[in-house]
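Please model the complete structure; the sequences and the hints are all you need to start from.
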Amino acid sequence: MELRLTTFNLENLFNRYLFADDPTAPYEQQLIPVGVAGFDRFGGINAATTTLIQRNNTALAILECAPDILAVMEVEDLRALRSFNDQYLDGYFDRMVMVEGNDGRGINVGLCIKRECEATITGIRTHADELTPKAKANGWHMDRYFDPETRTIKAKNALFSRDCLEVDVDAGGAPLTFLVNHLKSQAGDKKESDAIRKMQAERVAELVGEAKAKGRLPIVMGDLNQDWTEPKSALQPIRDLVDKSVLFDPLASIKENWTHFYMVFHEVSRLDYLLVDKSLEAAIQKTTILRKGLSRKCKQYTDERYPTIGYHDTEASDHCPITVALDLEKLAKPAS
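The opening residue of the sequence shown carries number 1 in the working numbering; numbering runs sequentially from there.
For the record, the hints were derived by calculation from the structure and aren't laboratory data. Heads up, some of the hints might be wrong.
List time: in silico SDA-like cross-link candidates among lysine to any residue, alpha-carbon distance up to 25 Å [unchecked claim]:
#1 K299 - S269
#2 K134 - K154
#3 K255 - E64
#4 K156 - Y145
Here it is as structure tokens:
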């Protein structure tokens, strides 16, 4: 059985709302999601025509990757994901998992499974309500509140900035456990953000160990928000699992393995990861980074782009999807 895995940060996939009066209750105004919208990096909503171009390019990137299982980041909620799947992907996926997490902007992580994929979801776990080690040690509780200054919902004492969404999937006889992540961004004070990201990475590493202890094959996917080749990387707890042959990094053999274009400084770096259980290394057929949806401002990429990609707000995303194709019949069997 071939199984194609893709991870893709969709860059601010939100609902587009209709403000309408309920005809049965004329004094009650309703918010009705009617499609998907895109936001620029400054928080402004894109025009419907721009969204149409941008999200068609997002869809083109996904369809070219042809994933059986897709991990997504930066999606408002299941309704936005389902609308996008219906309007832009023609119902490509028929199973979608998402749990609301802790992000103040309302962006979440999720997992989608292709309609024809013979895979069964056997377990779902969220870690959005887990506390930081300091909060646990002091007996503090989670505190969620509206911050009028930033106009966002804060999740004080939460370990994960969004969630580490765990989904158990049995496919082709392989007991897979996907850990979908979007770790702390690099915004703000570097020392503080690195410390938070390191705590999150340590917990992800623990969850990998827990999955292994249950006889499952962990796969870490998502935007980990740092290049782990940086000195003193906060991602070292996860990289240690690769160094110890617990996980395998399919992108390690690709020289130009950057996955993100930072438009402000026109820089590229690797922020996205798809790390598979070491036993799956033998099953890997191909690994690709798709850059055809990047803005034309990205001069580091000079090959073909989708026809409607321009310089501003038409890119598929500021991230590149990573795809790993597995032949599960070549899965390394444990020694007897």
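- Message: For each hint given before, does the structure comply? Return the numbers of the non-compliant ones in rising order.
- Response: none
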